[in-house]
Each structure stands twice: as structure tokens, then as C-alpha cells.
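So the number in the working numbering is just where the residue sits in the sequence shown, counting from 1, plus 6.
You may find that some hints are simply not true.
When the alpha-carbon atoms are kept at most 27 Å apart in a straight line, the in silico BS3-like pairs for lysine-lysine are as follows [unchecked claim]:
#1 Lys899 / Lys915
#2 Lys282 / Lys201
#3 Lys39 / Lys103
#4 Lys58 / Lys975
#5 Lys996 / Lys982
#6 Lys179 / Lys201
#7 Lys949 / Lys930
#8 Lys514 / Lys454
#9 Lys201 / Lys1103
#10 Lys331 / Lys454
#11 Lys975 / Lys925
#12 Lys103 / Lys254
#13 Lys434 / Lys39
#14 Lys461 / Lys282
#15 Lys970 / Lys925
#16 Lys730 / Lys707
#17 Lys498 / Lys52
#18 Lys207 / Lys1092
#19 Lys386 / Lys398
#20 Lys915 / Lys970
#21 Lys990 / Lys970
#22 Lys915 / Lys902
#23 Lys442 / Lys150
Since the hints were made in silico from the structure, they are not lab data.
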Amino acid sequence: MTQAVNRAPSAPDNHILGLDIGIASVGWCVLGKNRIIDLGVRAFDKAETPDKGESLNKTRRDARLLRRRLHRRAWRLTKLARLLKREGLIDHIAVLKRPPSKGFKTPNLWRLRVEALDRPLSGEEWARVLYHLCKHRGFHWYSKAEQAKGESESGASGGSVKQGLSQNAARMKDKNYRTAAEMVLAEFPDAQRNKQRHYDKALSRVLLDEELGKLFVAQREHGNPFAHAELEHHIRGPGDQRNGLFWKQEPALTGSRLLNMLGHCTFETQEYRAPKASFSAERHVWLTRLVNLRIVVDGIARPLNDEERQFALLLPYRQSRSATKFSYADLRKKLTGEFPRLEGFRFLGLPGARRKKSGEVSDPESEALIRIPAWQELRKTLEDAGLTTEWKQLASDALEGRSEILDGITCVLSVYKDDDEARAELTKLNLPHSEKMIEVLLSIRFDKFSNLSLKALRRIIPLMEQGLRYDEAVAQIPEYGHHSQIVRSPKKSHYLPSFYEYGSGSAKLKDDPSLPRNPVVLRALNQARKVVNAIIAEYGSPAEVHVEMARDLSRPLDERRDIERQQQEYRDRNDAARLRFTELFQRIPNGRDFEKWLLYGEQQGKCAYCLSPLANGSDASSIFTDNRTQVDHVLPYSRSFDDSRNNKVLVHTKCNQEKGNRTPYELLDGQSDSAQWHNFVAWVGGNKSYRLAKRNRLLRKNYGREEAQGFKDRNLNDTRYICKFFKQYVEDNLALSSESKRCVVLSGQLTALLRRRWGLTKSRDSSDRHHALDAAVVAACSHAMVKRMSDYARRKELEHIEQGFVDVETGEVVDVNALRRLEAHFPRPWDGFEDELCLRIGIDRSTGRALEDTSVETLHEGLRRFRDTDNQPRYLDEVLNHVRPLFVSRAPKRRKGGALHEAMIRSIKNAGVEQSYIKTPLSKLTISKLEKIVGAHDGRNEKLIALLRERLERHGDDGSKAFKEPVYKPSSNPEKAPLVRTVKVLDTQKSGVKIRGGVAELGEMTHVDVYAMHDSYYIRPAYLSNEEDHIQQNVIPNGAEFIFSLTKNNLVSIDIGNHVYQGYFVMYESDGRMTLRGHDQPQPDKMYFRKMVSRAKAINKHHVDVLGNVYPPLPRQHRGLA
7 MTQAVNRAPS APDNHILGLD IGIASVGWCV LGKNRIIDLG VRAFDKAETP DKGESLNKTR
67 RDARLLRRRL HRRAWRLTKL ARLLKREGLI DHIAVLKRPP SKGFKTPNLW RLRVEALDRP
127 LSGEEWARVL YHLCKHRGFH WYSKAEQAKG ESESGASGGS VKQGLSQNAA RMKDKNYRTA
187 AEMVLAEFPD AQRNKQRHYD KALSRVLLDE ELGKLFVAQR EHGNPFAHAE LEHHIRGPGD
247 QRNGLFWKQE PALTGSRLLN MLGHCTFETQ EYRAPKASFS AERHVWLTRL VNLRIVVDGI
307 ARPLNDEERQ FALLLPYRQS RSATKFSYAD LRKKLTGEFP RLEGFRFLGL PGARRKKSGE
367 VSDPESEALI RIPAWQELRK TLEDAGLTTE WKQLASDALE GRSEILDGIT CVLSVYKDDD
427 EARAELTKLN LPHSEKMIEV LLSIRFDKFS NLSLKALRRI IPLMEQGLRY DEAVAQIPEY
487 GHHSQIVRSP KKSHYLPSFY EYGSGSAKLK DDPSLPRNPV VLRALNQARK VVNAIIAEYG
547 SPAEVHVEMA RDLSRPLDER RDIERQQQEY RDRNDAARLR FTELFQRIPN GRDFEKWLLY
607 GEQQGKCAYC LSPLANGSDA SSIFTDNRTQ VDHVLPYSRS FDDSRNNKVL VHTKCNQEKG
667 NRTPYELLDG QSDSAQWHNF VAWVGGNKSY RLAKRNRLLR KNYGREEAQG FKDRNLNDTR
727 YICKFFKQYV EDNLALSSES KRCVVLSGQL TALLRRRWGL TKSRDSSDRH HALDAAVVAA
787 CSHAMVKRMS DYARRKELEH IEQGFVDVET GEVVDVNALR RLEAHFPRPW DGFEDELCLR
847 IGIDRSTGRA LEDTSVETLH EGLRRFRDTD NQPRYLDEVL NHVRPLFVSR APKRRKGGAL
907 HEAMIRSIKN AGVEQSYIKT PLSKLTISKL EKIVGAHDGR NEKLIALLRE RLERHGDDGS
967 KAFKEPVYKP SSNPEKAPLV RTVKVLDTQK SGVKIRGGVA ELGEMTHVDV YAMHDSYYIR
1027 PAYLSNEEDH IQQNVIPNGA EFIFSLTKNN LVSIDIGNHV YQGYFVMYES DGRMTLRGHD
1087 QPQPDKMYFR KMVSRAKAIN KHHVDVLGNV YPPLPRQHRG LA
């Protein structure tokens, strides 16, 4: 089963490397002049959580922040207990961490706090009152903005913090309660603490501090020797609501501490980055969108002219203050109102209509063109406070180029999170109506920062206001140079350098602003870097690097799921159309006929050029026969390389031949304003089935050499930022073998066309091999191949021309005889390329599914059939010795840390063997769990269980709906019936870790250790938690020999029964079964291998390198847990 690995001979100097980079894979192919040198797939786990698409660090970061918060709270209470012990109130600090003893006079500490107003307390009583107040010290925020945010987040469902605080403050005032404790006891006698999502008992820290002060005064009056002023000062502080054990709180990341962590400007390296909320940063974004905007007027695409741009520049700032966005539709309305000549214009490159989750189709022009949230928030806040005149003055100054004060305000509100600090900094700005404005502004806070400083923005923005793009504006400033932010390597190297800096046993991302921070993108590119370096080590430096990247590589999970949903809807529509085709014509359509059928329906049965019926009478099937119709590229493929659906129409064969390689505008004599062109324009405009992108192509007027080249570049190359980064990264750092030193990032549309025309089918669901297929196509798409494709398309477009003619693109007279010598068949790298590729990958060419026999012998036998043009073997024996079947390499998952156990602790008190229970909210209850409720079979609970069952059955087993109304336990006295919020539900507990008298589920398994003794194997799972605390321990017999450890995605071969299974390790279950996955399986399939392995004849572990070469493992020592 293990592949023999021989060192590959050096590849030819002119070999090309193709890469297909996806979210969880890198397909690669090394292509020589006349044969495939090697190919493979590197697979890895996505750098995000599978359920929510969040960063893998988020869970760890949230847990770390919670631990810190709990530690600080515990340390504050420990310092309080030590203080009280020093003062003589208690003998030991542990007294306060235990409930009051049985002889304690008033065990209810809320009641004891009320009694403290009227009688002297003993030392322990007074200590417990102080400890109780400092432990439950209420809600408090150090800024108005933080308070507003906290109230909105806490009050999203259930009770509202703000509402609870205000209601309790009103109760204190209206009923003249002396302290908060007295109010709580009177108003909430049954329960004094808030419940989850219900904040009706919310108390402010200020209110509790007032109670603390009253208690100290009352106890001094009652002669309590422990209520002296010095102790009060230690606990309450000097009255600044910041110091003292009651008020002590770790300061937020604010002011100088935040600035120490803030990065510096890309260009002005001594300047801090500007807040994204600043006027200058928001204006920079708006100018970028505005300058890059293109509109189509009379079929001609162009940017806004100076007059239009200056008019549009002010529009977002003049919206109503309630507006959250400035949309394309808003801009259209304003522009056509001011400039009637623009009536009927279209936006170029506007996203297509999207189907919402509700099923409605959204208007593309309703999408936001720009948002200026900080401007709108400042405006609304100041105007609501009666500072409209002052706001208008600030806004007017900023729009006229004097944005210092407005930028200064947003800087303060972005950097200083504490109200006192922010107030001091705002005072320095010399604001109009200063005192009132400052207090109003304190209710606002901003976050996030740009890559540029205010100093740089103020130099760039005036140039962009003149109509220059960002890169052109930067190029005008000598100190900044070109707009690219990539840090150039002073010297190219043989290998690609790492994105990380290593030191002190840890890795840190390099301080390079061009590096992507998206963890999904970063992992994919880092794996691609490893693949490139491994290929260079094996075959030497390539002459060129060709790359294709997944379109969804940098998209968040929700957008990717939305794309998947739209793709599924598209497939469903196509399936319905195929079914309709089959019903009408009594046959299953082939690809070309189905495409004709879809276009026929889209065009209402009319030829896209002459507008006459396509079918012969009412016989729609005639469009498929006698070469009556053809699918044509609206913009000729040889001049656009656009093979998208938006560039295809169905036309009469004669119309297509007359059109040649011209556009509809050129064919229909649009330059002479002919009647044909007018009719065509009216018909295209009236066809509601046409998408905007197709209309733009059909009505395009100016399409000369420059415009055609721009179209070609866009359709050949992927120009996304992440693609530009990787291209620049390779060209700047890698010493390629050829003089061209090119890295090309190809568009997915181009490679899809090649794959389709070469008859290559890929099956995504059956295996991961298709990534290598894509990489090979990418590698084959060289500059020479693109030229040959252009020549072939040009010949096909002009094959019916009988005499010389003037080429509309170049203006030259074309020799028909020379034209006939161009490519007669669709070009391919060499004859037999497609069959050779599928054989090397191990897939069936027609289905894309993996072949049953992918052995090295079958592969070599098949490759011996391929011959060069001079009938010489393409694969000589010395070459075949180094050719191996494709083997997918998977990155092992080596965990070094993580959670010791799950956060939820289950109770085992009075539970049966291998059982535990946990309090479960009624909203999460289902009918199947009713029998598992603790006490369900107790006769006293019979009516309650019946009530729960009736509610669930009535609401379709949906607990959230069934228990929306409160549930009270049936009782003979309904007025005193207890409210039921949770029930204890039993569950099977065969494994777990004992903690604090309960049990928690084990954390993720880090690896398994494999031992052997006599004819048996013993597997012991390893966790981060101490095995001695596990409720079920895996005992390894004395004398068993440690063999190796396995982590996820280690390659294992198991000889069991009469078969040797090989696959990547997935999991080991407590019942002794091990699960493996086939090397090329996209998802683990338990049907592949899920067996008991203790009696296996042999278990071996293998090492798989980045390129998929399989090696026997090196002996390794057993590593115990730290």
C-alpha cells in the first residue's frame, strides 16, 4: 500500500508551476514542454470554526478574557477578606467563602444588610455584609457610550438593564426606601438575584455605594468598633468612584495604552494611523468609490466628468440624518435631476440582483455605494442636543478642507474610552459651545483604524478630489512613490520566505501592512508557500508560476453560504429546464442544445441580431437541426476572452457569419445611427430577461483596441487584492529560472473554459483529486496558449469571409489565406494531453470520478502508450521510475493546547451509574427528554410532566414556543405555586473529567498512543486534562511496548482480516473502534474504515510530505503530557 519514493530527476529549466489555491486545499502541477512532470494535492483544515465561521482564536480569546475577569474579581475579594482579617473581624479568610453556620443569627445576607441600619453587628456579621456588597456591586460604566452599549447588549432579550436600573431607582425614590437591600427585600421577597436574561433586580454601583456609606454611618452610631473611617476609606476609596476595593476595576484599553498598541502609517511612518471614523478617512473611502465609478451613457462606459464628480461629492453629506447609506439609486436620482443628458444611464460593474432569504429579488441599485456612519452619528447626536448651529459650522469647515477639529473629535472618541480622559482631551480642541458639546460627545465612542495617518490623508485627498485614483494620487507625492504597500525584499531567494518571524519558541506575523490578516486566507497562502518550496526542492525553480484562487477564499462564512444557496438555486432552475426540455422533445439534451434552449427562452424565440424568429414556424426543435442557429459571443471572443453567459446569444447562422468578429454596434451600423440599430436598442431595452451585464455588452459602442485589451486583461487575470498580493509576493521574493520572472493569476472563467473545451469533467463530491486537475489546466494556460486560443477564435469568427477585409480592431487589411493558416482546432498543450492528465490524476475523463485501479503498475502501463510527434516514447523508463500515482497530502493536526474540558459541569449527585444530569431551560426541552427528567416517575411530579408534555405537543415539540408563557407547578393553592424555569435532565456519562464535585465532558483529544503486547494492540487516548481525574481510565497492561502516537491526519495502514487498509487517522472511540478516511475523500466516510483494531495483525504509521510522497516513520520517543 505504501508508495515507493525515488528522488525525482531535475525537471527541465522551462517547466511551469500551476497552483489552484482554495480555502482548504492547494492543487499543484509541474508541467514540462511535452509531458506532465508531477502533480498533487495538499489538503488542510480551514482556519475557522465549522459552525459559525469564526476565528479559531476567538473561543480561546474569549475564555482567556473571562479567566482574567474572574481572577481579578477573586483577587479583589481575597484582598478584602485579608483586610477584614487584619482588622480583627474574622479569624480566617475562609470564613467568608463558606455559607453562614447554623447558629448564625441572620443567614439571609440581604436581610442582615437591612438590620445593619438598626442594630450593631458582630465582627463576622459586619464582615459578611461588607463582603456581600463588594461581591455583588452592581452595574457601572466608566463612559456614557459604554453604558449605552452595555444596556443594549444585555437587554437584547428578556429584561433590559436600563429598564431595571431606572425602575429600581424610581422605587427607591417613590417609596422612600433607605437602602437598596431594603428595597429588594420588599419588592422581590422570593428571589433577590437576577435570572438569565432578566434584569428586573438590576442595581447601580452608585446606589450600592450609597448603601455602603449609610451602613458605615449607622454602625458607627451603634458603637461598632469595626466601622471606623479608615476601613471605610480602604473599601469605598476617596470618593472618586475609581479607587477602593469596592470600586477597583481594571482600566479599559484606552489612551496611552491603546496608542502603544496602535500601528503607524504606511507612508508617514512616525504618525499613528487615523481612526476610520474620522472625516478624512471616511472621505478617502468615498473618493475612492467615486473616482473608480463607471457609468454607461449611450453604450459608452466612462467615469464621471469633473462637473458630475464635484456635484456627486457632496451628496452623501446632504442626506437626511436618519439615512444609513447612500445607494446607487440615490446617486442616479440626483444625477439625472441635475444633468438631464444622463437620463437612462447604467452603472458599470454593479452587482447583479440577489434573491433574499425571504425569496424576494433585491434591486442591485438599492445596494450601498457609500456609508459614512461616523458623520451621521455625530450629526444626529449634536442636533438632538440642540447644537445644530455648532454642527453646521464644524461640517462646513470640514467640507471646505478644514477638517482638523472634526478629525480631532473622532480621534479622541476612538482612543480615549474613559469619560474623564476624553473630557480632558476634548477640552483642548477649542470646540464651539465647549462645555455642553463635550458632555454630549461623551455618549459616542468609535473603534477601528485606517492604514493611513491623518497627515497622509490630508495630502492624498486634495489630489483625489481632482479626479485622480488613489494610486495616481500617491504617485504624485515623491516621498510616497507607488501606492503598493508591499515591503520589497532587497534580494530574491531560491525559496519563498515565511510570513512569520520566529523567536523565543513562538511565531509572530511579520510587521508588513500588505500581509492579509484574514486567518482563512493566511493559512491557505502559507500552505501554498510550503507547496512551492517543496516543489522547488524537488524539481528546481520554475520558469513561470500560474495561480488560480477560489472566488470565496476571503469571504466570511455567511457570504459563502449565501453563494452556495444561490448556486443551488441556479442548479435547481437548470434541472427544471432540463426536465421541461425532455418533456417537449422526448430526449435528454446535450450541453450545446441545452444552452441553445436557455438562450431561446431568454430571447423570446427571436434572433438577437435580426430580431426575426429563430425557429421554423412553431417547431421549436428546428433550432437544433440543419445548422439553423448558432451560439455567438456578443463581444467577439478573440477580442474579449469573455465566455460567460452574459456574453452569449442565440442567432441565425447567417447572422453569425455576417457578424464575424464585430460587435453588434459595428454589425448594425450603429455609428450611422441606422434604423437597424435603433430597433435593436429598443428590443434589448425591452427584454426584461436580460441582466444588466448582458445589456451593457449588447449595447456597447466604443470597443476599439484599448477597450478590447482591458476586457481581455480582466477576463484573463484575477485582480482581487489577495491575488495581487500573492503575485507580487512571488515576483518580489522568488528567483524564477526564466527571464520573464512572471507570476500570473488567472481568472476562473478562463480555466473553466479550457477545462470544458478539453472535455475534462471534475467531480467535487467524489474525491479531492479534482484540485490537481484544476492546477494542471492553470499550468497549461501559458501566454502561448492564450495566443493560440485567440487565433483559433478569430479563425472561427471569420471562417466564412471570402476576401480580404479591414480588421475593426487593428485597422489592417487581413489576408484571408493567412487567416486560413490559423488554428483549425481548439488548441491544447500537446496531443493526448487530456488523456494523459486524467491517467496521472487517476480519474475517469467523462465522469471525473476516481478510477478503481490507481496502482503504479497500471499507471506506468498507460503512460507507455503516449508518443511524441516523432513517435518517440514520452515517458522513458528512467522517467517512469519516478512517476507515482497521485496521493493527497493532508496537514496533520498537532494540538499543543486547548480547553481541558467543556465549560458546562454536570451533576452526578444521586445519579445512576454512568449517568449525570444538568439543569436544562424549558425552552430547550423536547418530548424525548421528558422521560429523562429527574423525578419524572415520582407520583408527585406526574401532573407537571403531563403539563409539559401537553405544551410541547400543542406547539410541535418546540420548547421556545411551548414555554413562552410561564409554567407553574400544579398545586392545590395556585397562588403559591412555584414557577418552573428549568428541570434536571439525565444523560449517559461514560467519559468525562471530575471537577468540583461534578463531571465535565473531556476536551478535544490531542492524540492517541498505540502500544503493542504479544498479538494485541492497545490504544490510549490522550487529553490535556490529568488522566487520574477521568471517570473512565484506559489501563495499559504492564509490559506493553509503546509504538507511536497518532494525531488527526496521520497516515496509518492496518492489516486486519485478509486486507490491508490505508488511510488518514480520523478518530478513536471509547468502544475500541478506529476510523480512517481514504487519502482523497473530501469528507471522512465511516463506511471506508471503522473497525476494532486491538486484534489487527499490524498497525503502521507513515509520514506523508507536502507533495504526497509516503515514507516509513522515524522511530520516536513517547512524550507524556506536560
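Verification of the supplied hints:
no. : hint             : result
1   : Lys899 / Lys915  : violated (37 Å)
2   : Lys282 / Lys201  : violated (38 Å)
3   : Lys39 / Lys103   : violated (78 Å)
4   : Lys58 / Lys975   : violated (38 Å)
5   : Lys996 / Lys982  : violated (40 Å)
6   : Lys179 / Lys201  : holds (24 Å)
7   : Lys949 / Lys930  : holds (20 Å)
8   : Lys514 / Lys454  : holds (21 Å)
9   : Lys201 / Lys1103 : violated (58 Å)
10  : Lys331 / Lys454  : holds (19 Å)
11  : Lys975 / Lys925  : holds (16 Å)
12  : Lys103 / Lys254  : holds (20 Å)
13  : Lys434 / Lys39   : violated (70 Å)
14  : Lys461 / Lys282  : holds (14 Å)
15  : Lys970 / Lys925  : holds (18 Å)
16  : Lys730 / Lys707  : violated (31 Å)
17  : Lys498 / Lys52   : violated (30 Å)
18  : Lys207 / Lys1092 : violated (52 Å)
19  : Lys386 / Lys398  : holds (12 Å)
20  : Lys915 / Lys970  : violated (30 Å)
21  : Lys990 / Lys970  : holds (19 Å)
22  : Lys915 / Lys902  : violated (34 Å)
23  : Lys442 / Lys150  : holds (15 Å)
In terms of the numbered hints stated before, the structure departs from hints 1, 2, 3, 4, 5, 9, 13, 16, 17, 18, 20, 22, listed from lowest to highest.
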